[in-house]
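Student: The residues making up each chain are set out below.
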Amino acid sequence: MSSLYIARSRQVAARELGGEMMIMSARDSTLFSLNDVATVIWQAADGQTPLDEIVERRVCAEFDVEPAEALKDAESLVRELEGHGILMVSETPVVSG
Amino acid sequence: MNVLMEEMNRRAVALGVPLGVQLDVTYRCNERCVHCYLDHDDHGEMTTAEIRGVLDQLAAAGVFFLTLSGGEVLMRMDFFPILEYARLLMFCVKIKTNAFMIRESQADRIRDLGVQSVQVSIYSHRPEVHDAITKLPGSLKRSIAGIRLLQARGLKVIIANVLMRQNYSDYAGVKALAQELGVEYTIDPTVTPRMDGDRGIVALGIGGDDLRQVFRNPDLVGNVEEFCAPPSAVNDEALDELPCSASHTFCYISPYGDVFPCVQFPLPTGNVRQQRFLEIWRHSPQMNEVRSIRPRNLPVCSTCSHVGTCTRCPGLAYMEGNMRGPSSQDCEKSFARTGIPSANMILKSASRPNPSLVQIALRSSAVPVS
Ligand code: SF4
Ligand code: SF4
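Heads up: the sequence lines are chains A and L, in that order.
Each position in the first sequence, counted from 1, maps to that position plus 95 in the numbering used here.
Each position in the second sequence, counted from 1, maps to that position plus 349 in the numbering used here.
In short, the hints are calculated from the structure, not lab data.
Incorrect hints may have been included.
Label-pair ranges, simulated between beta-carbon atoms [unchecked claim]:
no.	chain 1	residue 1	chain 2	residue 2	range
1	L	H392	A	G113	34 to 42 Å
2	L	R452	A	E175	48 to 56 Å
3	A	D141	L	E433	48 to 56 Å
4	A	V190	L	D427	21 to 29 Å
5	A	V160	L	H392	52 to 60 Å
6	L	S454	A	P145	49 to 57 Å
7	L	G393	A	G180	37 to 45 Å
8	A	C155	L	G531	27 to 35 Å
9	A	G180	L	T535	35 to 43 Å
10	A	R152	L	A578	56 to 64 Å
11	L	A509	A	G180	51 to 59 Å
12	A	V190	L	A578	36 to 44 Å
Every residue, glycine too, gets a C-beta built ideally from N, C-alpha and C.
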């Protein structure tokens with residue numbers, strides 16, 4: 096599978112609270128809470144860094160996880176967040192919108 | 350409140366994080382509402398740069414919910430740069446506006462900037478009633494047009510209907526209007542005293558029978574039986590609960606940089622032009638005093654059967670002269686809901702001379718004893 100690029104939607108609000116990222120979608124006012132690993136991925140979602148690089152450089156460096164497993168989990172996480180409209184996922188670099 | 354929101358609140362209290370802040374960007378307004386508690390002159394509002402600096406500090410302090418209000422926010426020429434900056438800092442922004450000045454381009458920008466909700470005050474569905482309250486001819490028509498533009502862009506719009514004697518009988522009409530516009534509707538039966546302490550406008554509010562009627566209307570309060578149920582026995586939990594969010598997870602900042610525990614609680618705690626926001630939030634003696642109060646520390650309310658269910662506002666109590674005292678407006682609400690007098694009412698009536706007894710005394714002294 097080719098690399099994925101992820102960017103935070105501009106239609107959300109976000110703030111870290113006690114190590115977890117709170118995110119609210121302006122679209123439907125749904126509130127989400129990301130755990131520490133998901134928070135790292137969210138913070139690195141600049142639209143330019145490939146997801147596998149984020150997982151390798153940030154997730155695997157900060158948490159005791161197996162790289163292949165971590166990437167699989169990260170991919171399903173970003174797809175889920177994309178479904179809620181709080182993250183954009185693309186096979187090419189993206190500009191946050 | 351949903352589970353996640355509750356958890357977020359609980360965590361914010363434990364960490365001492367101000368989760369929500371209302372920032373009034375101006376007190377100037379194009380309307381002159383009869384019940385408004387503000388002085389609309391500009392006494393030296395914060396500049397755009399100062400507000401940006403405050404927003405930076407609020408984001409760093411962990412503020413998530415930011416309400417931008419006024420006055421009328423659009424009276425500030427730099428309102429959109431302020432809003433844009435707030436959204437850049439990822440605040441969850443709610444705007445309070447009268448929507449009079451919202452045209453296509455403003456509505457587009459509000460949508461594009463990902464604003465969470467827009468609250469608009471509407472007093473009546475009849476222009477003659479609404480415009481008489483705002484004292485701005487044509488205001489109902491323009492506010493409705495503004496709401497339509499926002500709603501058409503998928504924004505969450507809430508009509509807030511302050512109930513007063515003057516407009517009280519129109520609430521069903523305003524609710525129907527909200528339905529027709531496809532927006533949310535909320536009522537507020539409280540008229541706040543003026544910030545300078547003048548309580549004259551409180552008399553514009555509804556009380557007694559009108560309040561009782563509102564609280565017995567299922568369209569407005571949902572389950573009437575539950576809403577008007579007599580209070581259950583007071584337990585320790587109720588006496589140790591946080592009274593409200595003021596100073597715990599919420600505070601208010603005026604256009605001049607003054608920080609207060611709440612928009613309805615004008616106890617000065619500091620000014621962001623002189624101190625860092627977090628210094629005020631964490632170390633202001635006044636902020637910490639408010640923070641230390643629990644219902645069991647309230648001499649009258651702790652003895653009241655309503656203490657566990659009352660909407661007692663410490664800010665209104667403060668404006669009555671004592672932040673540890675009862676808030677008469679909330680006593681009135683508790684009584685209108687349940688028919689059970691509050692401890693404050695009982696105390697007051699006990700300290701008043703009984704007029705019928707005085708009358709008997711006067712009559713008997715007028716009759717010569719033979
Ligand atoms: S009860 Fe009063 S002081 Fe407390 S949050 Fe509500 S309005 Fe503010
Ligand atoms: S009803 Fe009045 S006296 Fe009783 S708790 Fe509420 S504010 Fe206090």
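Student: Each of the hints needs a verdict: does it hold here or not?
Tutor: Cross-check of the supplied hints:
no. : hint                        : in the structure
1   : L:H392 x A:G113: 34 to 42 Å : holds, 38 Å
2   : L:R452 x A:E175: 48 to 56 Å : violated, 38 Å
3   : A:D141 x L:E433: 48 to 56 Å : violated, 20 Å
4   : A:V190 x L:D427: 21 to 29 Å : holds, 26 Å
5   : A:V160 x L:H392: 52 to 60 Å : holds, 57 Å
6   : L:S454 x A:P145: 49 to 57 Å : violated, 38 Å
7   : L:G393 x A:G180: 37 to 45 Å : holds, 42 Å
8   : A:C155 x L:G531: 27 to 35 Å : violated, 48 Å
9   : A:G180 x L:T535: 35 to 43 Å : violated, 26 Å
10  : A:R152 x L:A578: 56 to 64 Å : holds, 58 Å
11  : L:A509 x A:G180: 51 to 59 Å : violated, 27 Å
12  : A:V190 x L:A578: 36 to 44 Å : violated, 55 Å
The structure does not agree with the numbered hints 2, 3, 6, 8, 9, 11 and 12 stated previously, though it agrees with the rest.
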